[in-house]
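Undergrad: Listed below, chain by chain, are the residues.
Protein chains: 2
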Amino acid sequence: MQELKVILRDDEIPRQWYNIQADMPTPLSPPLNPATGQPIDPEDLGKVFPMNLVEQEMDQNRWIDIPEEILEKLLLWRPSPLQRAVGLEKALQTPAKIFYKNEGVSPAGSHKPNSAIAQAYYNKEFGIRRLTTETGAGQWGSALSFAAQQFGLELKVYMVRVSFEQKPFRKLMMQTWGANCVPSPTRDTATGRAVLEEYPDTPGSLGIAISEAIEDAVSSENTRYSLGSVLNFVCLHQTIIGLEAQKQMEKIGAYPDVVIGCIGGGSNFAGLAAPYIRDKIQGREIRVIGAEPTACPTLTKGPYAYDFGDLAKTTPLLPMHTLGHDFIPAPMHAGGLRYHGMAPLVSRLCQDKLVEGAALNQLDCYAAGMLWARTEGFIPAPETTHAIAAGIEEAKKAKEEGRERVILIGWSGHGLMDLKGYEAYINGELSNYEYPQEMIDKSLEVLKDYPKPE
Amino acid sequence: MQELKVILRDDEIPRQWYNIQADMPTPLSPPLNPATGQPIDPEDLGKVFPMNLVEQEMDQNRWIDIPEEILEKLLLWRPSPLQRAVGLEKALQTPAKIFYKNEGVSPAGSHKPNSAIAQAYYNKEFGIRRLTTETGAGQWGSALSFAAQQFGLELKVYMVRVSFEQKPFRKLMMQTWGANCVPSPTRDTATGRAVLEEYPDTPGSLGIAISEAIEDAVSSENTRYSLGSVLNFVCLHQTIIGLEAQKQMEKIGAYPDVVIGCIGGGSNFAGLAAPYIRDKIQGREIRVIGAEPTACPTLTKGPYAYDFGDLAKTTPLLPMHTLGHDFIPAPMHAGGLRYHGMAPLVSRLCQDKLVEGAALNQLDCYAAGMLWARTEGFIPAPETTHAIAAGIEEAKKAKEEGRERVILIGWSGHGLMDLKGYEAYINGELSNYEYPQEMIDKSLEVLKDYPKPE
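Chains C and Z, in that order, are what the protein sequence lines are. To convert, note that position 314 of the first sequence is 349 in my numbering; the numbers rise steadily by one, no gaps. To convert, note that position 353 of the second sequence is 388 in my numbering; the numbers rise steadily by one, no gaps.
Bound-form chain C, shown alone (with noise of 0.2 Å):
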């Protein structure tokens, strides 16, 4: 009988996240004060986000400790599986191994409690009682409640009123949670009502909602704003990801030769691959991709530069791939992906060659999630079909030369809460979306006067 998973014991569960700044040949570029075009004040932040994490984001050591605190509430669901996907190798008629990394098993279905786990107790600790956060696809907001819940903080979830309208079940595991999840705009914050006053119908738009979560977080008392990707912090709560994983692989002697994860804010990518990269950085050879959508494709068309992390420009100037802070990518099924920008870590990591982008289509992600679920049994989220399909391309090209290789994909969650968007495939109302370079040239002009990275 051939073994499928590879296990660790509560007691295995890595007790320090790993810091890639530590290791990075190019160290980041400051994020910046739009105001004044200098670094900026982590006082200023300091006003958003807890100092602790302020502190954290701006941290250089190499290994950070994971408070006990934390480590009890991951162990609800960690160390996750490191499973191998015998069937698809069988389907596929590949001499790759492929292994999978499966952040499903989560309450909340995702990687993304990981970080809202982490970023919940800090504000505890610094003395906040009352969170606040936006939500789109509702991935981020149902980590969060799940987590605030887990600490007794209070928490209100400004969610893109198209998307609480058309994803009740998201909004009910929030309201299951004890979070207050209310359809963005609101009248309960200026912003919102200003944009009600002038568009009474709008759907609304996550920028609109990180602006009126922020603007929530600053005026109100013992309240900060949380944020599930992007930022360096959310990035290394991820690493326990991959952490767990290379443990995984080195009982049963294994090391991927590709590792793949979808990648949209950057997080559950660089959980996943940041470990691995510090390997490459050692010399090791590796390759580490992240599966971007063609909707969206920041990593393999969007510059390297300066520009806001939302389209409401509240945020700082952050070095990133980006397509331009006003990009609106098509209305394709994996929401998660759908972010203009890129964390910082990942995407200087992309500029020293450390990280490859891939873009892949809308059809071809729903053809390898429909394929997965058929062998492997666990339907993936939208988002984890498109490191599945880059997965299923390596495990091909391996066919071709007729070699083994180690494929190692992040499955960043279970599609139980999305089958509206494999009920469009199956229904055959799904198309591809690409965009002709002028258009993305044109969404790229609002960078033009904004300081450049080095």
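The hints are simulated quantities; they were obtained by calculation from the structure and are not laboratory data.
As the list makes no split between identical chains, a pair holds if one copy fits it or if it spans any two.
PhoX-like, lysine-lysine: derived pairs with alpha carbons at most 20 Å apart:
no.	residue 1	residue 2
1	K315	K388
2	K282	K40
3	K487	K348
4	K125	K159
Please arrange chain Z on chain C, whose structure you already have, making use of the hints.
TA: Below, chain Z without anything else, positioned relative to chain C:
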């Protein structure tokens, strides 16, 4: 750091099912042919199920080898974790230790695939190429869709029309796994056409769907019917749950004082409990509780009698606790527990005082489910909340008595596909159901002319 989980390695998965028929103090009375009142001819059952499963239904051996091909598929998600509910213990301030066996980790999200995989395998082995089944709430239909796909079998699922319309996501899961899921009644069977002739707008019923699925199976080439609970072989396949739990608790030197599972048709409960009931038969002091809804109080209010397994009276007469085959349980959310009868195995064990029933009401169960979600993270299925509510009662008793007590809960599945019940609970729209004894007595009148089991 406290360890919260006990995980078995792939190579520690049980290799045999435990057949409690070998150890029961009173043997099962046989199923009867309703026309003759005589034990059913296995050849008749062989028209509905493949003969290898019919033989397994009557097998009296204590240990039955699990074929390698089944083990390989079970390893996609098994062994399932045994977890300690420390957060719940704290919230209850109980000295009790609460463990739960998490069956929510399967691709379909419940324990159902344990038997679905086995049934698909045995059908395939027997040369069957196509399966039929019915589904109400959708748990069984989706589990069998996954399993049929794993063995390359065609599958047609007759889904009660009202569920088909109200639960589109369950249908989408089945389609994603390649099954043909249709709203019952259909025009594809004589039964369906007759019903539609008379009641064109019928919402359908489980009884009608069963009749359609069986008619399709016995009248189509190379086709058999598949059932997700009640039968001996289904209970047998589920014993892997309890066998794993015993191995896991042994690893930490623990043994439960009380084992609790929710109980509808009985297979989830039997699967968890059977190995413990064996210990009890051998003299071990342990309580084994089947937690059922007051809306369908089969074990607590139904007599032990011969009755049909379905409303349409297409099955043999089965010796079981029953509320009468035309008892229609109130429309509560735990659809998987809305069954008038009870697995003959469980019924017989209950007669012999090896199993006790406990009836829980809907509001207490949802309150328990909410408390679980907010302490332990995972959102339980409405069915599972019954076991949790009963477990919480035991934990409270332990607190009153001031003594440690080890409680093992069968966590049969997650509730991500059933969030509407939570919404109704949060909005105060749910109520309890209790039946006046006269109503149950009236429903039991159908039994008066049937033979009586010993």
